[in-house]
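Undergrad: First to last, the protein sequences are chains A and B. In this text, residue positions in the first sequence follow my numbering: the first is 15, and each later residue adds one. In this text, residue positions in the second sequence follow my numbering: the first is 95, and each later residue adds one.
Calculated from the structure, these hints are not laboratory results. Note that beta-carbon positions come from the ideal geometry of N, C-alpha and C, so glycine has one too. Heads up, a few of these hints could be off.
Keeping only pairs whose Cα atoms sit at most 27 angstroms apart, straight-line, the calculated DSS-like set for lysine-lysine is [claimed, not checked]:
1) A:K142 x A:K303
2) B:K617 x A:K303
3) B:K500 x A:K142
4) B:K616 x A:K39
From chain A, some residues computed to sit far from chain B (all C-beta separations above 10 angstroms) [stated by the list, open to error]:
5) L50
6) A54
7) A55
8) P101
9) P152
10) A199
11) S204
12) M209
13) A222
14) R290
15) H291
16) G300
17) A346
18) Q348
19) G403
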Amino acid sequence: MTDFSLSDVVARPLLTTDALAGPAKRLRRESVIRGLFFAAAMVSVLISVLIIFSLVREAWTFIVGVDWGVTWGETGWFPRRGLYDMPTLLVASLIVTVVAMLVAGPLGLGAAIYLSEYASPRTRSILKPVLEVLAGVPSVVLGFFALFFISPNLIEKIGRNAWQIIGYGITAISLAGVLFWAVRAWRDSSATGAMIAKRVVGLIVMLALVLVLFLWVNAIAQDCSPVAGDVAACPSESAFTVKRSGQLAAAAVGVGILTIPLVASVAEDALASVPRHLREASAGLGARKTTTTRQVVLPAAISGIVAAFIIGISRALGETMVVFMAGGAADAAQFTASPFEGSLTMTAGMASLATGTDSVVGEGLTFQSLYFVGLVLFVLTLFLNVVAGRFVARVRERY
Amino acid sequence: MALTTIGGGDTTARVEQLIQRRGSEQTSVSTIWTSLAAAGVALAFVAMFGTWYEAVRTANALYSGWIPPIALLLVIGAGLLLVGKQVGFVDRDLRVNSDVCTYGALIAGAIVLMLRQLFKGDLSAGVFVLIIPVAVLGLVLARSLRNPLADAKLALEQVALGAASIGATLIIVKRLVDSENSAGGWVWGLLAAVAVVLAALAASQYLGILSMFQVVLFSALAMSIIILLVLLVQVVGDGWPVLNERLGDFWSGTLRSQSDDSRLGISQGIIGSFWIAIFVVLLAFPIGIAAAVYLEEYAPRNRFTNMLDIVVRNLAGVPSVVYGLLGLFLFVKGTVVTHWITDRINAAWGSLFQGELIEKGQSTLFAGGVTLAILVLPIVIITAAEAVRAVPQSLREGAFGVGATKWEVIRSQVLPFAAPGILTGTLLALARAVGEAAPLILVGAITGRLAPRGSMFDGAEQFFSQFADRFTAMPIVIVGWVQDSGRDAGFAPAAGAAIVVLLVFVIMMNSVAVLLRNYFEKKRA
Numbered sequence: 015m016t017d018f019s020l021s022d023v024v025a026r027p028l029l030t031t032d033a034l035a036g037p038a039k040r041l042r043r044e045s046v047i048r049g050l051f052f053a054a055a056m057v058s059v060l061i062s063v064l065i066i067f068s069l070v071r072e073a074w075t076f077i078v079g080v081d082w083g084v085t086w087g088e089t090g091w092f093p094r095r096g097l098y099d100m101p102t103l104l105v106a107s108l109i110v111t112v113v114a115m116l117v118a119g120p121l122g123l124g125a126a127i128y129l130s131e132y133a134s135p136r137t138r139s140i141l142k143p144v145l146e147v148l149a150g151v152p153s154v155v156l157g158f159f160a161l162f163f164i165s166p167n168l169i170e171k172i173g174r175n176a177w178q179i180i181g182y183g184i185t186a187i188s189l190a191g192v193l194f195w196a197v198r199a200w201r202d203s204s205a206t207g208a209m210i211a212k213r214v215v216g217l218i219v220m221l222a223l224v225l226v227l228f229l230w231v232n233a234i235a236q237d238c239s240p241v242a243g244d245v246a247a248c249p250s251e252s253a254f255t256v257k258r259s260g261q262l263a264a265a266a267v268g269v270g271i272l273t274i275p276l277v278a279s280v281a282e283d284a285l286a287s288v289p290r291h292l293r294e295a296s297a298g299l300g301a302r303k304t305t306t307t308r309q310v311v312l313p314a315a316i317s318g319i320v321a322a323f324i325i326g327i328s329r330a331l332g333e334t335m336v337v338f339m340a341g342g343a344a345d346a347a348q349f350t351a352s353p354f355e356g357s358l359t360m361t362a363g364m365a366s367l368a369t370g371t372d373s374v375v376g377e378g379l380t381f382q383s384l385y386f387v388g389l390v391l392f393v394l395t396l397f398l399n400v401v402a403g404r405f406v407a408r409v410r411e412r413y
Numbered sequence: 095m096a097l098t099t100i101g102g103g104d105t106t107a108r109v110e111q112l113i114q115r116r117g118s119e120q121t122s123v124s125t126i127w128t129s130l131a132a133a134g135v136a137l138a139f140v141a142m143f144g145t146w147y148e149a150v151r152t153a154n155a156l157y158s159g160w161i162p163p164i165a166l167l168l169v170i171g172a173g174l175l176l177v178g179k180q181v182g183f184v185d186r187d188l189r190v191n192s193d194v195c196t197y198g199a200l201i202a203g204a205i206v207l208m209l210r211q212l213f214k215g216d217l218s219a220g221v222f223v224l225i226i227p228v229a230v231l232g233l234v235l236a237r238s239l240r241n242p243l244a245d246a247k248l249a250l251e252q253v254a255l256g257a258a259s260i261g262a263t264l265i266i267v268k269r270l271v272d273s274e275n276s277a278g279g280w281v282w283g284l285l286a287a288v289a290v291v292l293a294a295l296a297a298s299q300y301l302g303i304l305s306m307f308q309v310v311l312f313s314a315l316a317m318s319i320i321i322l323l324v325l326l327v328q329v330v331g332d333g334w335p336v337l338n339e340r341l342g343d344f345w346s347g348t349l350r351s352q353s354d355d356s357r358l359g360i361s362q363g364i365i366g367s368f369w370i371a372i373f374v375v376l377l378a379f380p381i382g383i384a385a386a387v388y389l390e391e392y393a394p395r396n397r398f399t400n401m402l403d404i405v406v407r408n409l410a411g412v413p414s415v416v417y418g419l420l421g422l423f424l425f426v427k428g429t430v431v432t433h434w435i436t437d438r439i440n441a442a443w444g445s446l447f448q449g450e451l452i453e454k455g456q457s458t459l460f461a462g463g464v465t466l467a468i469l470v471l472p473i474v475i476i477t478a479a480e481a482v483r484a485v486p487q488s489l490r491e492g493a494f495g496v497g498a499t500k501w502e503v504i505r506s507q508v509l510p511f512a513a514p515g516i517l518t519g520t521l522l523a524l525a526r527a528v529g530e531a532a533p534l535i536l537v538g539a540i541t542g543r544l545a546p547r548g549s550m551f552d553g554a555e556q557f558f559s560q561f562a563d564r565f566t567a568m569p570i571v572i573v574g575w576v577q578d579s580g581r582d583a584g585f586a587p588a589a590g591a592a593i594v595v596l597l598v599f600v601i602m603m604n605s606v607a608v609l610l611r612n613y614f615e616k617k618r619a
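If we strip away everything but chain B, and leave its shape as in the complex, we get:
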């Protein structure tokens, strides 16, 4: 007993308190520096990305070498470390402080980009970019001078590494300036590799990690994140001309056969994706949540329930094209049952309006929507079941105790408690459905031109007939334009712009879902 009091909670708590206090003291000292440096870095990033877009836009040659991507990676890597330190994810209280290296890599990267601009004769952009790194450099020097470095050996290390990484970068720049395509041009490849190795060394020092294993692990994670950043930058850069010049027209325009058509746009894709999302919300969500509630609350623990569980899990792993095949089989080719249903619907339609609603063998918005609802159903079931499983048993027992029936317990206790989890799952599923293209292609969404039709607000006939009409969706528009870019290069920026629009929706839904989940996890923990 005595042992527990001495060695247990008390001491640990005190140590943690001490550690925390130490951290907070340091934070308060460097708050001003932190915010200034963070602001400077943010500005530098904006400026550099801006320059990079310009480079991509103005000349393709600029974009063809190894150098811009590598310089960008250096800058992004260094920036990540820097921002990481400022927001505190890297431990402040490190034995080794190698600000010089990181800032050095950052600035070297910036200088590379700047020199590119200068040598293209774009002086103003170069000077603009130059101002910020110089300002940051000033801050850094001031800061590192204030920093009492106890160990001269470490100081030497920092200077050597910083100088080496800057030197390597300068060599690359020189090669670059000398000749763009001379023999052995890819010697830079090695030099760049050296620069990267040096940057990795600097980074490992900075993070206070000396084991090679850990460096490798961290770079795996960092690579994934850098890929994501490069992807975003690339897509935004490609779509920038369209987004910048004619976003309004692009939003309301339609599919065209020429990329320079001023009426080229994504309105049909947006409408299609919107209705598909509605189908998913109306079909997959209620059925999925109900199935999850059945599996978790009602189902007896027997072999049949086990099988049901396995079926759902395996459905979630079925490739999305296979769902497309199912949709094609059910709705487009048609079976006896679907033909019968189609005939009934057409008869009913004929008595209300004229003609036939559904033409057999034609892909319809309805078919696409239902196919995607089927596709995301297992995801909804699995996430909702997890949320329902997390509801504490005591809640249910309390409700049963005051005489509630099973359904009343579910409605008043289980579902409200599980709501955030279910919402997260449904949002993720919706994002998946909106971004999914393969099943729609199989079902027969239109990649080429789509005849414009009347507004869906022109009365009931118009409204309902759109579900039985040919359709397209955002991802399909993108695929179509990417394919068209082979014959008409102007479609590539259009596809980039459409991707930006799609990504804004999808990433928004995803991040709301993730944030929601984290918030409730924290709140309940």
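The following block holds chain A by itself, in its conformation from the complex:
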């Protein structure tokens, strides 16, 4: 018993790690369950592979088989007649995305800043769920709303009276500016008599200027009025030719409304990740809340805000039903670059191909064109999402 080695002890222990591991049945169950969970996780990989496979396979048939002359510079998108003019779809998608972001960008960002920087916890707890309800509204509902409300009440009016609206808009904004200035001056209790007199004179002059502007715009507008006017004196009778019941712009506003909550929530996350001490330091230097928000918080969160916009663009590009219902074009579309006409975006083009007749399999490459457009859309949105992901990651890394 003199050469007592380590191996002896290890060879005959009372309690091994095997003994601790429990019965083999239990271990087997563990590995089976682990396998099941792993398989479930792999389903998403399988789906991705299938999506790419189906898109590329059918699109490849199209790419190989199509006469490329009919995909560029034709009169429009008429897949059932063998005309696959891509610019029609791309320009329509561009218009819808731009207009949608004009709606969703400012509103979403404004809502995010207000919720994150100004709202009291109580306000937040009331208003945030309302935004979430808006996020849950199905896109067919927005399609209906865009077609029956936004189109006749907003877009048709804007399209016909664009010049007048611009004129009156400028007038109204100047008036609002003057009024805000006046209120601020009125509140200034430190003003001396001379200053007050100056301000009163200033106010009168400004109001007079606004009045002149108003009268001038009004005179032009009266002349241009379709009822009583001298049409020749106008820039044009109607600013744009406006299609009735459904235009790209109406659909775009609908898409924008759908995108507001998404932009707001991503932007709010970005603002929330800006550390508190930056705000406190700014306040400590004597900055007002507004200054802090504009010059400290927003620059610090800029990556996340850019990400919010990119994600919004990607969502707007991929939105189908609103454009399909309110975009003002069925089956096929003429090329147009006007938001007041009807046309088909990439997504709506796909949806309209799939409805109407019972089978999508039409003449020649109709079915494959669906997948070609789908592939273009998939690549675009994937690219945007990856870029947005980079921006989000940048905010996370920084703080």
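Please arrange chain B on chain A, whose structure you already have, making use of the hints.
TA: Coordinates of chain B only, in the frame set by chain A:
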């Protein structure tokens, strides 16, 4: 150390206490007023919305101008402020108290709507609507007289702004009454803009915010909410005739080619959406939750897991039509694999019943259900993974400490703790699936007439064959009717009514999810 005791928690707590006490005193004084005013406002809203529906229903001309929407916006904006103040989201203890402005805008809006009714000769409705604003006005006057305004300048401001906004509204009303379509009719546009500017000024005062920047931000948020309200009002208003007159028939009716058919209804859409929801629950939920558990609990931190994570995130961003393309490719056009599976199923079916179950190249309920389950899978995974991530590490360690295996820890500790979060995510995903139309259109859901089939309770053959049959769903019914409204205007109200039914389900699921989440967040915090 001494500094912390003096300047730290103690003082802050006392200040907060003081602030709170002050708030509660004020609340107790004005409780009666608050409740009375809130009740009055609620009644006024009901009455005004009712009038608006009537207006939409009876004459389209009423609905065509700028005015009803703008007046409505004014009313809604003012009402929001008012209700906000009553429920306390606006600070009570403001330097500026401009009740007059807000109530003024509210009442002005009401008067506009009322005058519209009066000039249409609908006297009783007008008088009915008039009673409530007058009552509210009385309350307001009484209240503002009791309110000791220290600053005469501010009082003057209030009166001026209130009078100006009411005046602007009256001018609009006059134009409106004078002539509906005279030359330069859209001068109202400017006047309305002035009224809106004044209302914004009143609102900014009311909220105690003087910075333009803040006004802009708040109006961005308010706009989003107002859009939601207008949307709801519009949809309910459009669908009202159908909902009001024949909800029962509408519920049990089927797709028809004429809108005046008394058997027009949504039963097939409801059945289709129901089965799609079942597919989502049975396929997407277990797989999604299991995948989330794998990603959070089992997956080693390596490059492969990272890739898996990226795949899931990017899948969530893929547009829904692309999933439709996938469904079309897999189930309708078919691949070698799906054809093989179809043949096996048909053979099995032939040995049990007669004929073939699945006709190749036909869109089926099964295809639609599976496509939507695939669509929501990434959403389920992401939300469930977040919920699992939020489970405190100490829970797991405790369970491991008493000898539980990984799966036992997950089953007994992780999943129960994460259940509310997972439930929220799954509810949101379900709501998304029920409202989604684009993939179904691609897969080939039916927008036109759908041949009625036997009840699904007529035995196993009938039950199973419905999954291999042509199908439709609620959103698809809506899309079909909206398109049909081009040739038969009667389909528009039907679509509105169907939307109301769909929205009731979807918003219910969404709000339950949101409330659940807020409740548990608060409880755990």
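Undergrad: Next, verify each hint and record whether it holds.
TA: To see whether the hints hold, each was checked on the structure:
1. A hinted pair counts as satisfied when its Cα atoms are at most 27 angstroms apart, and A:K142 with A:K303 qualifies at roughly 21 angstroms.
2. Simply put, B:K617 and A:K303 have alpha-carbon atoms about 32 angstroms apart, too far for the 27 angstroms limit, and the pair is violated.
3. This hinted pair does not check out: B:K500 and A:K142 have alpha carbons roughly 38 angstroms apart, beyond 27 angstroms.
4. A distance of roughly 42 angstroms separates the Cα atoms of B:K616 and A:K39; the hinted pair therefore is violated under the 27 angstroms criterion.
5. With a closest Cβ-Cβ approach of about 7 angstroms to chain B, A:L50 is found to fall inside the 10 angstroms limit, against its non-interface label.
6. With a least beta-carbon separation of about 3 angstroms from chain B, A:A54 fails to lie farther than 10 angstroms from that chain, contradicting its non-interface assignment.
7. A:A55, annotated as away from the interface, has a beta carbon of chain B within 10 angstroms; the closest lies near 4 angstroms.
8. With 10 angstroms as the threshold on Cβ separation, the claim that A:P101 sits away from chain B holds: the shortest Cβ distance comes to roughly 20 angstroms.
9. The Cβ of A:P152 does not lie farther than 10 angstroms from every Cβ of chain B; its closest approach is about 3 angstroms, which violates its non-interface assignment.
10. Distance to chain B confirms A:A199 as a non-interface residue, since its nearest Cβ pair spans about 12 angstroms, more than 10 angstroms.
11. The beta carbon of A:S204 sits about 14 angstroms from the closest Cβ of chain B, which is more than 10 angstroms, so the claim that it is off the interface holds.
12. Interface exclusion of A:M209 from chain B stands, the closest Cβ pair being 16 angstroms apart, more than 10 angstroms.
13. Its beta-carbon lying about 16 angstroms from the closest one in chain B, A:A222 satisfies the requirement of being farther than 10 angstroms from that chain.
14. At roughly 15 angstroms, the least C-beta separation between A:R290 and chain B is larger than 10 angstroms, which holds for a residue marked as non-interface.
15. Here A:H291 stays apart from chain B, with its beta-carbon at least about 17 angstroms from theirs, past the 10 angstroms limit.
16. Against chain B, the non-interface label of A:G300 holds: every CB pair exceeds 10 angstroms, the least being about 16 angstroms.
17. Against chain B, the non-interface label of A:A346 holds: every CB pair exceeds 10 angstroms, the least being about 15 angstroms.
18. Under the 10 angstroms C-beta cut-off, the non-interface status given to A:Q348 relative to chain B holds; the minimum distance is some 18 angstroms.
19. Residue placement check: A:G403 does not keep its beta carbon more than 10 angstroms from all beta carbons of chain B (closest about 7 angstroms).
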